[in-house]
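Undergrad: Protein chains in written order, with our numbering: chain A, 14 to 487; chain B, 5 to 457.
Simulated from the structure, these hints should not be mistaken for laboratory data. Hints are not guaranteed to be accurate.
No more than 30 Å apart at the CA atoms, straight line, and that leaves these computed lysine-lysine pairs for DSSO-like [stated by the list, open to error]: (1) K384/B x K413/B; (2) K377/A x K176/B; (3) K381/A x K84/B; (4) K378/A x K80/B; (5) K231/B x K219/B; (6) K384/B x K381/A; (7) K272/A x K255/A; (8) K97/A x K131/B; (9) K354/B x K413/B; (10) K378/A x K176/B; (11) K227/B x K181/B; (12) K219/B x K357/A; (13) K80/B x K255/A; (14) K377/A x K84/B; (15) K255/A x K59/B; (16) K219/B x K131/B; (17) K117/B x K227/B; (18) K80/B x K392/A; (19) K122/A x K59/B; (20) K6/B x K80/B; (21) K381/A x K80/B; (22) K241/B x K377/A; (23) K319/A x K381/A; (24) K37/B x K97/A; (25) K378/A x K106/B; (26) K377/A x K401/B.
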Amino acid sequence: MSLNTLTLKEAATGLSEKEFSSVELTKDCLQRIKETESTLHALVTLTESAALEEARRADELLAAGNTQPLLGIPLVIKDNFSTKGVTTTASSNVLRDYVPPFDATVVEKLKNAGMVMLGKANMDAFAHGSSTETSDFGASKNPWNTDFLPGGSSGGTAASVASDQTIAGIGSETAGSIRQPAGWCGIVGLKPTYGRVSRFGVVAMASSTDSPGPMTKTVEDSALLLNVLAGNDPRDATSSPKPVEDYTKNLRNPIKGRKIGISAKYLEDVDPEIILSFEEAKKVFEKLGATIVDIADLGISILDPKYSISVYTILQRAEVSSNLARLDGIRYGSDRESFGEEAKRRIMLGTYTLSAGYYDAYYKKALKVRTLIVEEFHKMFAQVDCFFAPTSPSPALPIGSSKNHPMFGEMADVLVEPSSIAGLPGINIPAGFSKAGLPIGLQIMGSQFEEASVLNFAHQFETATEWHLRKPTL
Amino acid sequence: MKYTPVIGLEVHVELKTASKMFCRCSADYFGQKPNTHTCPVCLGLPGALPVPNAKAIEWCIMIALSLNCEINLLSKFDRKNYFYPDLPKGYQISQFDLPFGKNGLLTLENGKKIRIRRVHMEEDTAKLSHQTVTLEAGNHEERVSLIDFNRSGVPLVEIVTEPDFSDAAEVKEYLQKLQQIVRYLDVSNADMDRGDMRLEPNISLSDLPVTGERKESELPKYKVEVKNINSFRFVEKAITFEIARQEKILDSGKLPPQETRGWNETKNETVSQRMKEEANDYRYFPEPDIPPLHHTASQISSIRDRVPELPDAKFSRFLHEYSLSKYDTEILTREKMTADFFEEAVHAGKEHTVSPKQIANWIINKKPNLADVLPASIVKEILQSNQVEVIDEVALKEVIKDVLEKNTKAVEDYKSGKETVIMFLVGQVMRNFKTKIDVALVKTQLLELLTNN
């Protein structure tokens, strides 16, 4: 068995017990990247020699008895995280040659924890999309079937983790960008509560919802990575001062007697194969002793998730139009001509909704509906321990699906948008396969800062199923 | 003149906090090597995030309180979106609908109250300079625009009045008072030459007579803004110039166009910069990188407690407490440092029975460098100057006799009724003593000898 197929937990154990070295582990990952990258195009920058150097240093530290949580563990990082001295393009031509002079807080934390960075993962340019097809450097492919999309915007990270190019990866989600590609690639993807993980140094997409998070092979790995990522950052005024827990602590707690909410509104227009997996998953939870309740039966009514599309679209485009203004053609080497179609569309729409006379009709109204959605979830989580639903309305779509569909991403992300605009944590878990052999993902959402609880449900499900153990053949 | 000038004012005051508004870079940029006070945040690099400077916010609230403003307990920052090469993020972080302070006032000498519409916090831009440089590669020169980001992100407080001024003199007085207040608060050097205070009057002429506060509907249908003036004198000149210019246009039956103008120092006139048609739509929206700010009433009152006695209050207190003239009081309270020095000296002078008036005179007339002397040593100097040498009356008489003999002309003048000559004789006597002696004693002795002679 090649070492690159290991989970983070297994790799860390192997390293600390000196079963293999970080250099061996890293070399296996690099080997896998070499074999698969021409097919998958999961990465935009490969930092091979730096990775081997970091691995050698990690081995020395391991030999000296150091025990940082990620010491010697190879990771890939989405290309919107600033990496000091390493090109950070956000998969855009505008930033093609941009080398940040500083590390994002997430990167700094991972470095302090001892990671070995393999490279930067492909994404939709500026995270604008759910396919990676808007990447200015070409789409990534789904490892389960390379005629299909990996999802996005963290599609490169998802494809890389799913194909065992890496032990784990880092993504970021504004609305679906972790959970949806995780679902389409059959891995675990956790979007933490907004403010739980620092945004400092992440090329901003929609500042009010951007949330960095782990993309892993197992739920336990997700918890291990969140332990490193989470925490208050004095450089991010929106990061929460709430103390961080040990997210692995509750994983093994039984979920017997706990209440899982579901809603018919999250099943409308959902692919029948996914509905089937959802029904199977409900049985798994029931077998584990949890109670499944339709929130309608608890007297809780929620807005149809499709309304979140409008709210999200307005808020996000507005923020995008402002966030991208700094790429004004004066610095960074490329002028505004080099913005891709999607970025241009978003800048125009956002500029429009913020313009005098339209602000109240669009932006302000969207803020009000957002507040309503936040309140709905608040009421819901007063009565249930978590909320369970499909991650996407369909499994992965074929390459080219996003072209000529400006709202492609919003449609693919309809089921993750409400919890995203409410800033809540949610996790995608592998829960089956379509007849065509594509992964099916389901999501568990929780109340603010209830990552530990969400991870607990996810881990219990994972322990009772074997979907996460399947590997794509490439 | 058949028109009444309607003048409002926007003033930007740069705070002298140690660090910038949203990052830890030093805010003390003046005269520094370009682009040495920068970091990812004030350079606006992708992913960099603003973290507000608590001290700057406190100082902004202090200014607002000093201008009798109401304080918004719930406030927030907003993005003001516009493109300019000195604005690295493509937007300025400012405040839109919830400024820290609103509805304040400042009273002029004539009793007129200038209403303050708002006091808000924002960040300064970088500085552009347009130069001709010789390129390293060859010997040819090129016109270039250079950007120095040292000023980018330095805290600015913007103070906006209602259009309550009627002439340039009122504006100047307001500006002097404002400058004095921020210096009293010790939150800005308010040094015009360094651009710590930037002034933007807006001027229009009304054919309605002033009837106190104007309603929105009573305002003229146009407004001319004059941007970024950096001296009180230029503001006066620009306003006077504008009044005359607009009057001429109105007299010809036209309406002056709504526009932004600049002050040309060399030509001594305002020049058109931008017509209203080209005005920006700033697309304000709440800054998502900074959560809304909540202040409690007790936090505000603790800031209020830290506001020192302000110039007007100090002026009237000095007038009454120390029985000084208005003239003296004005000089002593012009700067807080002088006023504080004076009061410390008064305190130190109490036990030596040195009066406040004596101290005031000493400070005003002798102009000691207050930064270099202690108030107590001023008292000592005053005491020394008052000290009188005890002299032997016999010796004094000898000296007086001698003086009278040598100045027979003066003595004759005195005797023929020219009594003022006595002071000349006193002076002559005094010259014979190295130390200060009692003038009154000299005078009595002199008179005695003169009459007995």
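Undergrad: Could you work out which earlier hints the structure fails to respect and list their numbers in ascending sequence?
TA: The structure breaks hints 1, 2, 6, 9, 10, 12, 16, 20, 22, 26; every other hint is satisfied.
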